[in-house]
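S.K.: Chains as they are written, first to last, in numbering that gives the first Met the number 0: chain A, 0 to 502; chain B, 0 to 502.
None of these hints come from the bench; they were simulated from the model.
Among the hints, a few may not be true.
Which copy is meant is left open, so a pair is good if it fits within one copy or across any two.
Cut-off 30 Å, straight-line C-alpha distance, at most; resulting in silico cross-link-like pairs (DSSO-like, lysine-lysine) [unchecked claim]:
1. 114 with 430
2. 52 with 6
3. 156 with 458
4. 41 with 420
5. 411 with 52
6. 4 with 461
7. 385 with 52
8. 458 with 52
9. 4 with 92
10. 481 with 41
11. 300 with 391
There are 2 protein chains.
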Amino acid sequence: MLFFKAKLLDIDLGNNGVIANERDLIGTEYYPQERVLIESSKGSFIGVLYTTKRMVKEGELGISRGSIEGIEEGEEVRLRHAPRPQSLRYIKKKMEGQILRPHEIHTIVDEIVQKKLSNIELTSFIVSTYIHGMEMGEIVEMAKRMGETGDKLEWDKHPVVDVHSIGGVPGNKYALITVPIVASAGIVIPKTSSRAITSAAGTADVMEVLTRVNLNAQEIKRVVKTTNGCLVWGGGVNLAPADDIIINVERPLSIDPQPQLLSSVIAKKIAAGINYTVIDIPVGPGTKIKNDREGYALARKFIELGERVGIAVECAITYGGQPIGRAVGPALEAKEALMALEDPNSAPKSLIEKSLSLAGILLELGGVAQVGSGMEMAKKILYSGKALEKFKEIVIEQGGGITNSEDVELGKYFEVIPSPKDGYVVSISNKAITNIAKEAGAPMDKKAGVLLYVKRGSKVNKGDILYRIYSSSEERLRSAVKLARRTYPVRVEGMVIRRVSKF
Amino acid sequence: MLFFKAKLLDIDLGNNGVIANERDLIGTEYYPQERVLIESSKGSFIGVLYTTKRMVKEGELGISRGSIEGIEEGEEVRLRHAPRPQSLRYIKKKMEGQILRPHEIHTIVDEIVQKKLSNIELTSFIVSTYIHGMEMGEIVEMAKRMGETGDKLEWDKHPVVDVHSIGGVPGNKYALITVPIVASAGIVIPKTSSRAITSAAGTADVMEVLTRVNLNAQEIKRVVKTTNGCLVWGGGVNLAPADDIIINVERPLSIDPQPQLLSSVIAKKIAAGINYTVIDIPVGPGTKIKNDREGYALARKFIELGERVGIAVECAITYGGQPIGRAVGPALEAKEALMALEDPNSAPKSLIEKSLSLAGILLELGGVAQVGSGMEMAKKILYSGKALEKFKEIVIEQGGGITNSEDVELGKYFEVIPSPKDGYVVSISNKAITNIAKEAGAPMDKKAGVLLYVKRGSKVNKGDILYRIYSSSEERLRSAVKLARRTYPVRVEGMVIRRVSKF
């Protein structure tokens, strides 16, 4: 064990880094980049040890702001070897393809939440479950434990309903329309969403264009009490926080293993105190689910998992073979959703259809519409303007901001991609559209994305605009246009994809 | 793209971290912990972006020492988004269990060497090959490319021979005896070794107790020209550097996937200009290879791989069911090897046997001994004292140090573990001995380890010392003793392992 005086450093290393003078480590058994345990009178944390020649003096230990709440400059701290995380052996069991026992899963979840696992250890676990999968028993334990380790929301009014998409289809902003419809029918719908994992925009990214989404449990309760609904970021409320740590590893790899998908969705519902939830499973080329058979298999797993943890789950298999609506990217999608609430008649049919169907199921589950008449009721609420009013209420209660589609700003750089010939649009690639929007900067750059001028089946003449790419950065726009020219996301019938002029 | 003035920081973040003032990032499309590309007149590198409120001023970018050779304080630098590494899609192919094509493997190896892969990406690759394995064709490409990306050693005198253990058995310090025997017979043997991956001491860790092992290509050539041999750390010479980066991910997970094992061993041989090599494959309970059948299978793979890259490989399946010799841990092993060279008669038989057998094969391959008489020749060289003289020459040429076993210092804290009863030693667990040595601080703490007073079959009386644990840290010693009491690494026949007094 070594003793130091704390020196608070104004730097966020992201892994609880601490910095010692290299002369203090000579002859000790402590080494740079080793995982260490730091103890103070205010608590302890696991960090990574770095060295410096001059940045901190001998006898001092540089500690990042935020590592320990309330720690004071000059206070005595102790540095020890961090114990190897207990989960490492269970992670290795999973690497070998074995089934984990409940207490093993609990330990992994707990150590993830306590930030005891390094990126190397966490990645091993995620990749192993991606390759080997998990049994339903393991997923149940994972979901339950994840749902327990964090804040819990409790509600006075019941039932509490929710709608959730597993993602995979770009432009899927239906929740901004579905939630206010359901809420204005008097049903409690505290919707939490994630940010983009592999997509160009998660619902939380889209909503954040208009208002705050980083609400704590207290604030959510207040918003829902006033409006019956909300549209917030799940990670901001510390509901099932393991999920948000896991996503940080999944995002750079663009993977979303099914066991994690199932457990993280249901864990959030447990923590959010949900009674009924509808899961939207988009199916089609370019989505996460290739065909109906796979969609039904996943639906059955969600329903079983829900049953085993006490949540009634319904699934909606939806068409996801091309983007929903025309906008892909946070600001573009926020604008499109607002426009749809303002004037449903001029909104893309695919977006309206989907939003109303899901709202219909929820109105029936919530007991305010007869089975079979939910969608009709949803439609009335939307066209009456009540959904728009409710949505504005929610935006303002959450601390926003923007309630008019004209006020949504898009990237100041844009370029249009015209059709190279006359014909019909035969396909729009989800993957290519997503990649172009991401190359343009989405979801980090909220104003970046793709706006489609056509959908599958559209008739186009040579020179007509197929889509427009937006970005806040000229450099990223150029890069996105280059990608668009290489990947042909919108195919017009008879278009020559590659010309071979010599053999 | 953003422009900054370089501010050189005296901190080594390990991942080429750069630090910007958070006010400089507001409204830009750059985010903390994002991977960025830094360009200067002196070159460019990929790093991770961190933020600070005060550590650097607005307009400045803090850059870790060593990130760019020759960069000057105040010089203009440009910050851009780092492109996603190209290998990511090939890593994902491997995650899916697909076979990688040569150019895909080359890209992965190249990007590993260029440090373009994050720990998350690299771990995904290693874990995927651990789970799915690799075909021989993939391993060949991996070995060849790894062998090409780095320094290459070339030799005037041939043949150039080498001996290499795949590890898995503690106390395996034979190379300190085998190399000087072969070198004193006039054969060139430039031995490079790795540091411990999952063990308590690699050959390089052991040798470092006596002399420098961190030699560059120039220095190795000089040592070998003078003495015919050397015992250096492979990572210090930049031979097949991909291996050393991969090991940094394998070590915390305590894994060593077979495709990496094969390709990294042979890559080092390619880079070191080896013509013949003997691979020592320890077999037995607690080693990497459980039985002879597995040992033969691995041997065949090594021989095929060698053939396909132009190196003649022989394999020696050796007994690895208990530690080699009596010492486990860098300083303890260095001391034992020196004692064996000084007085072979009083050295543990297992160590002498193994060192001589391997030396014998090399003397035959090197063409100085008749087939079948190599071991006899090796024995003569060892007992004549020539091997000791040669070893001292090598230690001194490498820049050492210590050439007398009495000068080797051990950990100042130690504790003995006595036998709880009379009987015979029925087993010694490799794994438990290794774990105790590591808990005591090995290999980082060079003076930590375990010294066995008994071997399998030894007769002991109650109270006789079974082994002694050394450490430089009282705290770690205590922790190792605790582990020893829990794991019984040395079992004495008839010992009660657990007493159950009630049902």
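S.K.: For the identical chains here, do residue 481 and residue 41 meet the 30 Å Cα criterion within one copy, between copies, both, or neither?
M.R.: between (53 Å within a copy, 29 Å between copies)
S.K.: Tell me, please, which holds for residue 41 and residue 420 at an alpha-carbon limit of 30 Å: within, between, both or neither?
M.R.: neither (69 Å within a copy, 48 Å between copies)
S.K.: How would you classify residue 52 and residue 6 at a CA-CA limit of 30 Å: within, between, both, or neither?
M.R.: both (15 Å within a copy, 16 Å between copies)
S.K.: Between the shortest in-copy and the shortest cross-copy C-alpha distance, which are at most 30 Å for residue 4 and residue 92: within, between, both, or neither?
M.R.: neither (41 Å within a copy, 49 Å between copies)
S.K.: My question is about residue 300 and residue 391: at a cut-off of 30 Å on alpha-carbon distance, are they close within one copy, between copies, both, or neither?
M.R.: Answer is neither: 36 Å inside a copy and 68 Å across each miss the 30 Å cutoff.
S.K.: When no copy is specified for residue 385 and residue 52, does a C-alpha distance of 30 Å or less occur within a copy, between copies, both, or neither?
M.R.: Neither. Shortest intra-copy (64 Å) and inter-copy (45 Å) distances fail the 30 Å Cα cut-off.
S.K.: Can you tell me if residue 411 and residue 52 fall within 30 Å by alpha carbon in one copy, between copies, both or neither?
M.R.: between (45 Å within a copy, 29 Å between copies)
S.K.: With identical chains, the pair residue 4 and residue 461 could be close in the same copy or across copies; at 30 Å between alpha carbons, which is it: within, between, both, or neither?
M.R.: Neither way: residue 4 and residue 461 sit 71 Å apart in one copy and 49 Å across, limit 30 Å.
S.K.: What label fits residue 114 with residue 430 when the C-alpha limit is 30 Å: within, between, both, or neither?
M.R.: Cα proximity of residue 114 and residue 430: across copies only (28 Å, versus 33 Å in one copy).
S.K.: Cα distance capped at 30 Å. Does residue 156 pair with residue 458 within a copy, between copies, both, or neither?
M.R.: Classified as neither: same-chain Cα gap 50 Å, cross-chain 75 Å, threshold 30 Å.
S.K.: Within, between, both or neither: how does the pair residue 458, residue 52 come out at a Cα-Cα threshold of 30 Å?
M.R.: Result: close neither inside a copy nor across copies, 67 Å intra and 54 Å inter.
Consistency note: the structure conflicts with the earlier hints numbered 3, 4, 6, 7, 8, 9 and 11.
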